[in-house]
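Model the full structure from these sequences, guided by the hints.
2 protein chains.
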Amino acid sequence: MKIELKRTGDNFAFEAANPEGNKMVIDTSAANGGEGKGFSPMQLLLVGVAGCSGIDIVHILKKQRQEIISFEIEVEGLREKVEEYSIWKEITLHYKLKGKIDKEKAERAASLSHEKYCSVSKIIGHTSKINFTVTVEN
Amino acid sequence: MKIELKRTGDNFAFEAANPEGNKMVIDTSAANGGEGKGFSPMQLLLVGVAGCSGIDIVHILKKQRQEIISFEIEVEGLREKVEEYSIWKEITLHYKLKGKIDKEKAERAASLSHEKYCSVSKIIGHTSKINFTVTVEN
Chain A
72 MKIELKRTGD
82 NFAFEAANPE
92 GNKMVIDTSA
102 ANGGEGKGFS
112 PMQLLLVGVA
122 GCSGIDIVHI
132 LKKQRQEIIS
142 FEIEVEGLRE
152 KVEEYSIWKE
162 ITLHYKLKGK
172 IDKEKAERAA
182 SLSHEKYCSV
192 SKIIGHTSKI
202 NFTVTVEN
Chain B
72 MKIELKRTGD
82 NFAFEAANPE
92 GNKMVIDTSA
102 ANGGEGKGFS
112 PMQLLLVGVA
122 GCSGIDIVHI
132 LKKQRQEIIS
142 FEIEVEGLRE
152 KVEEYSIWKE
162 ITLHYKLKGK
172 IDKEKAERAA
182 SLSHEKYCSV
192 SKIIGHTSKI
202 NFTVTVEN
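As given, the protein sequences belong to chains A and B, one line each in that order.
Each residue of the first sequence is one higher than the last, beginning at 72 in this note's numbering.
Each residue of the second sequence is one higher than the last, beginning at 72 in this note's numbering.
These are computed hints drawn from the structure, not numbers from a lab.
Just so we're clear, the structure is a prediction, and the values are computed from it rather than from any experiment.
Hints are not guaranteed to be accurate.
As the list claims (entries may be wrong) - Below are the DSS-like pairs computed for lysine-lysine, each with C-alpha atoms no more than 25 Å apart in a straight line:
1) K160/A - K200/B
2) K134/B - K134/A
3) K94/A - K73/B
4) K108/A - K167/B
5) K167/A - K108/B
6) K73/B - K167/A
7) K176/A - K176/B
8) K73/A - K167/B
9) K77/A - K176/B
10) K171/A - K187/B
11) K176/B - K187/A
12) K152/A - K134/B
13) K94/A - K73/A
14) K167/B - K200/A
15) K73/B - K169/A
If you want it as C-alpha cells, here you go:
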C-alpha cells in the first residue's frame with residue numbers, strides 16, 4: 072500500500088493521495104509557523120483511532136441488527152512532551168449514538184473494538200491511555 | 072484538542088472536523104464493505120508519519136538556507152496480522168527533493184526527524200520498523 076505526498080506552496084502544507092484516488096491536505100498550525108490549511112499529523116492519529124473504532128462499532132451493531140439513525144464521535148487528546156517530541160498521553164472518546172440500539176450492546180461493541188479489533192487503537196495504545204464513554208438516545 | 076466525527080450515510084464513512092475548521096472523510100475500502108470514499112484509519116498513520124517528518128525536514132532545511140524547489144514523499148506500509156488486529160510491520164519512506172540542497176544535509180534532517188523530533192514516528196515506532204531513503208535533484 073503506497074501513499075504519495077507533495078508539498079504545495081512554500082511553507083509546510085502537503086497534499087496526500089491514496090491508491091483509491093482520495094486526497095487530503097496536512098499542515099501545521101499557525102502557532103507552529105504553518106497556515107492551518109489541513110489536519111496536523113498528530114491530529115490524524117486522533118481521527119484514526121476514532122474512525123477505526125467507529126467503523127468497528129457500526130460493523131458489530133449492524134450484525135446485531137441494531138438500527139443506527141445517527142452516530143457522532145468526539146475525540147479529545149492530551150499531549151505530553153517527551154524529550155524533543157510529544158505523545159498523546161491520554162485520548163478520550165465519546166460515542167454518541169441515536170437509534171433503536173441496546174445501550175449494553177453499544178458499550179460492548181466499543182470495548183471489543185479497543186480490546187480486540189481496532190488496529191489504530193492497539194498501535195497508539197503503546198503510548199496513550201485510551202478512555203471512552205457511550206451514550207444512546209432512543 | 073478536540074476533533075468531531077459524524078457518520079455520513081448508511082455505511083462506514085465518517086466526516087471529521089478539526090478545531091481549525093478543516094474537514095476530511097474516512098472510509099473503509101470496498102474489499103472490507105466500505106465505499107473507499109476517503110482515507111482509511113490505517114492509511115492515516117502512514118500520512119501522519121510522512122507528513123510529520125516532511126514538515127520537520129522543511130523546517131531544518133529552511134534554517135540551513137537550503138532552497139527547496141519541490142518535495143515529494145512516497146510512503147509504503149507492510150501490514151502484519153496480530154491476533155484480530157494488524158500493525159504496520161514495516162514503513163518505508165522515500166523523500167524526493169529538488170533544489171539547491173546539500174544531500175548530506177537532507178539526509179541528516181531526515182535522520183534527526185525520526186530520531187528526535189517527529190512525534191508520529193516515535194509513537195508508531197513502537198510497533199513498526201521505519202526505513203527511509205533521500206534523493207536530491209539539483
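Results for each hint:
no. : hint            : in the structure
1   : K160/A - K200/B : holds (22 Å)
2   : K134/B - K134/A : violated (54 Å)
3   : K94/A - K73/B   : holds (23 Å)
4   : K108/A - K167/B : holds (22 Å)
5   : K167/A - K108/B : holds (22 Å)
6   : K73/B - K167/A  : holds (15 Å)
7   : K176/A - K176/B : violated (55 Å)
8   : K73/A - K167/B  : holds (15 Å)
9   : K77/A - K176/B  : holds (20 Å)
10  : K171/A - K187/B : violated (49 Å)
11  : K176/B - K187/A : violated (43 Å)
12  : K152/A - K134/B : holds (23 Å)
13  : K94/A - K73/A   : holds (13 Å)
14  : K167/B - K200/A : violated (36 Å)
15  : K73/B - K169/A  : holds (21 Å)
Of the numbered hints listed earlier, those contradicted by the structure are 2, 7, 10, 11, 14.
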